[in-house]
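Protein chains in written order, with numbering that gives the first Met the number 0: chain A, 0 to 202; chain B, 0 to 202.
Honestly, I wouldn't trust all of these hints.
Copies of the same chain look alike in the list, so a pair counts if it works inside one copy or between any two.
Stated by the list, open to error - No more than 30 Å apart at the CA atoms, straight line, and that leaves these computed lysine-lysine pairs for DSSO-like:
(1) K48 with K178
(2) K178 with K47
(3) K48 with K186
(4) K178 with K201
It should be emphasised that the hints constitute simulated quantities derived from the structure, not laboratory data.
The residues making up each chain are set out below.
2 protein chains.
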Amino acid sequence: MKADERREQILHTAIDLFSLKGFSGTTTKEIARAAGVSEAIIFRHFAKKSDIYSAILDDKARHDGMKFPWEDDAELLDAIHRKDDAKVFYRLAINALNKQQSDVGFLRLLMYSALEEHELAERFFSEFVARVYGFIGGYIEERQRDGVMREMDARIAVRAFLGMLIHHSLNVILWDKRKALLNITNKEAAENFAQILLRGIKA
Amino acid sequence: MKADERREQILHTAIDLFSLKGFSGTTTKEIARAAGVSEAIIFRHFAKKSDIYSAILDDKARHDGMKFPWEDDAELLDAIHRKDDAKVFYRLAINALNKQQSDVGFLRLLMYSALEEHELAERFFSEFVARVYGFIGGYIEERQRDGVMREMDARIAVRAFLGMLIHHSLNVILWDKRKALLNITNKEAAENFAQILLRGIKA
DNA sequence: GTCTATATGACGATAGAC
DNA sequence: GTCTATCGTCATATAGAC
Numbered sequence: 000m001k002a003d004e005r006r007e008q009i010l011h012t013a014i015d016l017f018s019l020k021g022f023s024g025t026t027t028k029e030i031a032r033a034a035g036v037s038e039a040i041i042f043r044h045f046a047k048k049s050d051i052y053s054a055i056l057d058d059k060a061r062h063d064g065m066k067f068p069w070e071d072d073a074e075l076l077d078a079i080h081r082k083d084d085a086k087v088f089y090r091l092a093i094n095a096l097n098k099q100q101s102d103v104g105f106l107r108l109l110m111y112s113a114l115e116e117h118e119l120a121e122r123f124f125s126e127f128v129a130r131v132y133g134f135i136g137g138y139i140e141e142r143q144r145d146g147v148m149r150e151m152d153a154r155i156a157v158r159a160f161l162g163m164l165i166h167h168s169l170n171v172i173l174w175d176k177r178k179a180l181l182n183i184t185n186k187e188a189a190e191n192f193a194q195i196l197l198r199g200i201k202a
Numbered sequence: 000m001k002a003d004e005r006r007e008q009i010l011h012t013a014i015d016l017f018s019l020k021g022f023s024g025t026t027t028k029e030i031a032r033a034a035g036v037s038e039a040i041i042f043r044h045f046a047k048k049s050d051i052y053s054a055i056l057d058d059k060a061r062h063d064g065m066k067f068p069w070e071d072d073a074e075l076l077d078a079i080h081r082k083d084d085a086k087v088f089y090r091l092a093i094n095a096l097n098k099q100q101s102d103v104g105f106l107r108l109l110m111y112s113a114l115e116e117h118e119l120a121e122r123f124f125s126e127f128v129a130r131v132y133g134f135i136g137g138y139i140e141e142r143q144r145d146g147v148m149r150e151m152d153a154r155i156a157v158r159a160f161l162g163m164l165i166h167h168s169l170n171v172i173l174w175d176k177r178k179a180l181l182n183i184t185n186k187e188a189a190e191n192f193a194q195i196l197l198r199g200i201k202a
């Protein structure tokens with residue numbers, strides 16, 4: 000295996016393990032064993048254990064992990080254009096829920112790194128989350144100017160919306176399968192959350 | 000210092016450290032140093048490191064940490080009795096936000112233990128969160144029967160509400176101080192979230 | 001009840017052969 | 001590029017003196 004491939008393979012193995020057990024809960028020996036190489040190989044590709052952690056976000060950025068929920072959704076962009084609010088918030092919700100839950104490892108990793116106050120979470124926050132606030136908040140402000148939504152700090156509405164979505168995904172990932180306190184499809188969840196927010200902020 | 004006091008002291012020192020760096024990120028040596036005792040003392044009071052972790056929830060339960068947001072709030076109970084929905088949801092929100100943010104360490108600890116799938120989070124979930132769902136969900140169902148709130152799964156409304164609250168508190172704890180993406184008082188947040196939810200689910 | 005001293009193993013990281 | 005073997009350090013946990 001070439002150096003680049005091996006490096007990628009180690010990185011993805013490490014992402015899986017870090018997302019399961021956190022940074023300090025994962026040993027280089029485990030990563031090596033899971034990747035099917037010796038520990039020494041790890042340290043040929045990454046000088047320090049923490050270098051693996053730092054490389055994760057670059058890898059995500061290079062692949063599709065940092066794509067925005069609206070980039071590929073023609074239906075959403077069309078709804079925005081037509082100012083079909085119900086559709087806009089439903090599409091935003093369903094995209095967010097599906098994406099979050101399709102990459103459980105990354106969401107767990109983000110939580111870990113936020114708690115550990117690692118650069119990873121901070122960069123994700125300023126590069127990704129801030130733009131989401133700008134995008135959704137911008138749409139709400141536009142609709143406020145149209146007189147369709149009531150006057151309020153649009154960022155609070157965004158926080159409420161993202162709060163429902165992220166909290167629900169975390170619940171699905173961490174609890175619902177075993178505990179089943181609330182067992183609904185993402186479609187149901189997205190419809191309900193979109194409707195609650197929309198009725199909640201309309202004029 | 001008597002055994003009980005020393006045990007409590009070690010426990011609280013450990014809670015602080017676990018909440019900052021997680022279970023595997025905290026060493027018994029650090030706990031000992033922070034508590035001002037030798038490492039051997041730790042292992043006299045707790046046979047294994049993980050026993051400290053397990054003892055945390057019992058300690059919380061013995062103290063005030065597991066109290067319900069409505070137990071001490073006469074204003075809330077009165078509002079429920081009078082069916083003053085706006086007041087009910089505002090009081091629930093402000094209580095939750097204040098409590099979550101007054102015990103940052105515990106919230107961080109819960110997040111860590113949820114990710115680590117430790118008993119701690121699971122017990123908190125089934126002993127505390129489930130009852131919150133029952134309480135708030137019960138009130139919503141009552142108001143649905145009154146015809147004041149629209150037909151929907153009340154648990155979804157609860158999840159949306161708790162999502163706003165918990166997500167906002169996590170943002171405050173983990174980000175807002177440094178990044179200031181959204182700097183509002185808990186009062187403002189509670190008013191807005193309560194209003195969004197209420198308008199969102201009323202008939 | 002607390003200490004010093006230490007056992008035992010796992011940890012991150014390196015050296016050197018192939 | 002990969003391995004085996006090993007380093008020094010730090011981890012959890014224990015023994016025995018005071």
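Mind listing which of the numbered hints don't hold for this structure, in increasing order?
3
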